[in-house]
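Student: Given next are the chains, with one letter for each unit.
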Amino acid sequence: MIKLENVTKVYPGGTVAVKDASLEINKGEFVFLVGASGSGKSTLIRLMMREEPPTNGDIWVAGKHASAMPGWKVPQLRRSIGTVFQDFKLLPNKTVYENVAFAMEVTGKHSSVIRNQVPQVLKLVGLSAKADRLPRQLSGGEQQRVAVARAFVNRPLILLADEPTGNLDPATSVGIMRILDRINRTGTTVVMATHDHAIVDAMRRRVVEIDRGRIARDESRGIYETAVQEAVPVTTEVTEVIEEYPPIDFNDDAASFDVAEFDQETEQESSAEIEFDASEADEAE
Amino acid sequence: MTTVAYMFKEAFSNLGRNALVVLGAILAVFISLTLTFGTLVFGEVVRVNTLQWAEDVRVIAFLQEDLTPQDVAAMQEDVASWPQVEDVFFVSKAEAYEEALVLFANNEAMLSVIEDNQDILPASLRVQPVDPDEYDIIVTRLESTPGVDRVQSADDAIDAMIALRDGLQLMFWILAVALGAAAVALIANTIHMAIYARREEIEIMKLVGASNWFVRTPFLIEGAIEGLIGGALAVTFVLVAQQLAVDRLADLPDWINLVIDNNFLVKQGALVLLFGVAAGLIGSSLSLAVHRTLRS
Chain A
1 MIKLENVTKV YPGGTVAVKD ASLEINKGEF VFLVGASGSG KSTLIRLMMR
51 EEPPTNGDIW VAGKHASAMP GWKVPQLRRS IGTVFQDFKL LPNKTVYENV
101 AFAMEVTGKH SSVIRNQVPQ VLKLVGLSAK ADRLPRQLSG GEQQRVAVAR
151 AFVNRPLILL ADEPTGNLDP ATSVGIMRIL DRINRTGTTV VMATHDHAIV
201 DAMRRRVVEI DRGRIARDES RGIYETAVQE AVPVTTEVTE VIEEYPPIDF
251 NDDAASFDVA EFDQETEQES SAEIEFDASE ADEAE
Chain B
1001 MTTVAYMFKE AFSNLGRNAL VVLGAILAVF ISLTLTFGTL VFGEVVRVNT
1051 LQWAEDVRVI AFLQEDLTPQ DVAAMQEDVA SWPQVEDVFF VSKAEAYEEA
1101 LVLFANNEAM LSVIEDNQDI LPASLRVQPV DPDEYDIIVT RLESTPGVDR
1151 VQSADDAIDA MIALRDGLQL MFWILAVALG AAAVALIANT IHMAIYARRE
1201 EIEIMKLVGA SNWFVRTPFL IEGAIEGLIG GALAVTFVLV AQQLAVDRLA
1251 DLPDWINLVI DNNFLVKQGA LVLLFGVAAG LIGSSLSLAV HRTLRS
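Sequences listed follow chains A and B, in order.
Taken in order, the first sequence gives residues 1 to 285; the numbers are from the numbering used here.
Taken in order, the second sequence gives residues 1001 to 1296; the numbers are from the numbering used here.
In short, the hints are calculated from the structure, not lab data.
Backbone N, C-alpha and C define an ideal beta-carbon position, used for all residues, glycine too.
Any given hint could be a false lead.
Straight-line alpha carbon distances no greater than 30 Å define the calculated DSS-like cross-link-like pairs of lysine-lysine that follow [unchecked claim]:
#, chain 1, residue 1, chain 2, residue 2
1, A, Lys-109, A, Lys-94
2, A, Lys-89, A, Lys-109
3, A, Lys-73, A, Lys-94
4, A, Lys-89, A, Lys-19
5, B, Lys-1009, A, Lys-109
6, A, Lys-27, A, Lys-3
7, B, Lys-1009, A, Lys-89
8, A, Lys-130, B, Lys-1009
9, A, Lys-130, A, Lys-89
10, A, Lys-89, A, Lys-27
11, A, Lys-27, A, Lys-94
12, A, Lys-64, A, Lys-19
13, A, Lys-73, B, Lys-1009
14, A, Lys-94, B, Lys-1009
15, A, Lys-3, A, Lys-94
Facing chain B, from chain A, some residues (calculated, C-beta under 7 Å) [said to hold, decoys possible]:
#, residue
16, Met-69
17, Pro-70
18, Trp-72
19, Pro-75
20, Arg-78
21, Arg-79
22, Thr-83
23, Lys-89
24, Val-106
25, Thr-107
26, Gly-108
Go ahead and model the full structure; you've got the sequences and the hints to work with.
Tutor: Structural data, given as structure tokens:
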């Protein structure tokens, strides 16, 4: 479904975002792209959706040679790809229904098809009752569900998600993951770039780790497993800050709030794990 | 909703969003095309009225029907010998017919009359005076010459008209071209703003696979509408002005004809509208070509 062969992406100015990456993703797979910020996850997603061409190497997406495609053919490729982003990208002056219908209108779908499909997909994401709301009247999680509905309404072969839970709290993230899982089970290939350890560890799907533009790890039922070298600079930085501002009291409110949030996150993790373990058992590839 | 209806709806909603800038663009098209169309109409008026007076001819003697070629030759020789006369040439009935075909090229009603009665136009002698101011002496002498039916002379108004046309036409064309360029730039600017205002929608359209023409067409329509409105205003303005001139200046000497054939007005008017639409399309294309959001 998606195939990368020795793909390198160098941005003007010499930044190497992706270096000699080869990857094959089959139809119906659910793949997490993990790695630190700036590791090249988002660039890989952008290359797959042909937002930009690679500097070197070949990319095939949905049977099309995406890396060698002229600009005017890109719309055709996009129709077989649904995309979800961290910032939702909803149109603020359109209702939930209109936002989803928009994706069908602009690809020239007949209005009867639109009237038929939009309610179905809104039902799938659990927003039937809020079809007439505007995005600002919805919570973050609900807005992201609208975005997922819009990505899926044209029944794409592939769903590319770039940090879809990046702006959401853990409980809401689980809701989004449940929908992505459901979409995956319809046979749609899902590729999701994420930072979210809890989700990756709970879902136990294929994990591809990107480290400084290279594919560092590819496991069929992986966990997030933060690489040690990522943590080091962070710790050093924090230590430096602490040394610079010694009067910080680690027992103050802010510190304890962090702890509380972490606890909550762990809680969500475990509940998510239960949910997705069950669903995975159904699928057993 | 059909795709076409969708695109026009989008185009009109864009027009409403930047009303002030759109108004500026339309006014620029309007003024530019008013000058263009005005120049064309004025040029046509002058052309129709001065055709016979080319080559410094100031006096025309229309001849009686019953003259023999020998009579005409003798008369031509006689007139040529007058001290005030620089040159005389003879325009036969056939030549007069050819001339009339050109003169009334834009007036089908007149043309059909002439074509049906090719003999209706009299032969004439065309006289170039030595000194243009002495034409009245020539007129008086010709009127008392046997065989001359009627004498027509051009006075200073003809000279003024020709000079005015040449001067105005140059100035109008320069202004029209400059304002035309300004109109294209202003339309490009309105489209630029429309694209900017809708950049989120465009981004999403591209994400979900809307084709390039689907994204671009509403902006092209918007530019074309701006050009069309400006052009329509210009055509209306010139037609009304010309009609007013015909009505107000009714007591002009009868050899000045301000009425232009409708055929000419319709053809040139349509052409001016087309120019307006073209200016709109060029402006929006320019904007679409340079706008980053629309690159794939």
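Student: Is the shortest C-beta separation between A/Pro-75 and chain B less than 7 Å?
Tutor: holds (5 Å)
Student: Should the interface hint for A/Thr-83 be scored as holding, given a Cβ-Cβ cut-off of 7 Å against chain B?
Tutor: holds (5 Å)
Student: Minimum Cβ distance from A/Lys-89 to chain B below 7 Å?
Tutor: Interface hint status for A/Lys-89: holds (6 Å vs cutoff 7 Å).
Student: Hint check: A/Lys-73 vs B/Lys-1009, CA-CA at most 30 Å. Holds or violated?
Tutor: Judged against 30 Å, a Cα distance of about 26 Å means the pair holds.
Student: Does A/Trp-72 hold up as a contact with chain B if the rule is Cβ-Cβ below 7 Å?
Tutor: For A/Trp-72, the interface hint holds, since the closest Cβ of chain B sits about 6 Å away, which is under 7 Å.
Student: The hint names A/Arg-79 as touching chain B; please verify it with the least Cβ-Cβ distance against 7 Å.
Tutor: With a minimum Cβ separation of about 4 Å from chain B (threshold 7 Å), the hint on A/Arg-79 holds.
Student: Taking the least C-beta to C-beta distance, is A/Thr-107 closer than 7 Å to chain B?
Tutor: holds (5 Å)
Student: For the pair supplied as a hint, A/Lys-73 and A/Lys-94, is the alpha-carbon distance within the 30 Å limit?
Tutor: Measuring from Cα to Cα gives roughly 28 Å; hence the hint holds.
Student: Are A/Val-106 and chain B close enough, Cβ to Cβ, to be under 7 Å, as the hint says?
Tutor: holds (4 Å)
Student: Under the criterion that the straight-line Cα-Cα distance not exceed 30 Å, is the pair B/Lys-1009, A/Lys-109 satisfied?
Tutor: holds (17 Å)
Student: Holds or violated: are the alpha carbons of A/Lys-130 and B/Lys-1009 at most 30 Å from each other?
Tutor: holds (26 Å)
Student: Return the status of the interface hint for A/Met-69: holds when the least beta-carbon distance to chain B is below 7 Å, violated otherwise.
Tutor: violated (10 Å)
Of the hints listed earlier, those the structure fails to meet are numbers 11, 15, 16 and 17, in rising order.
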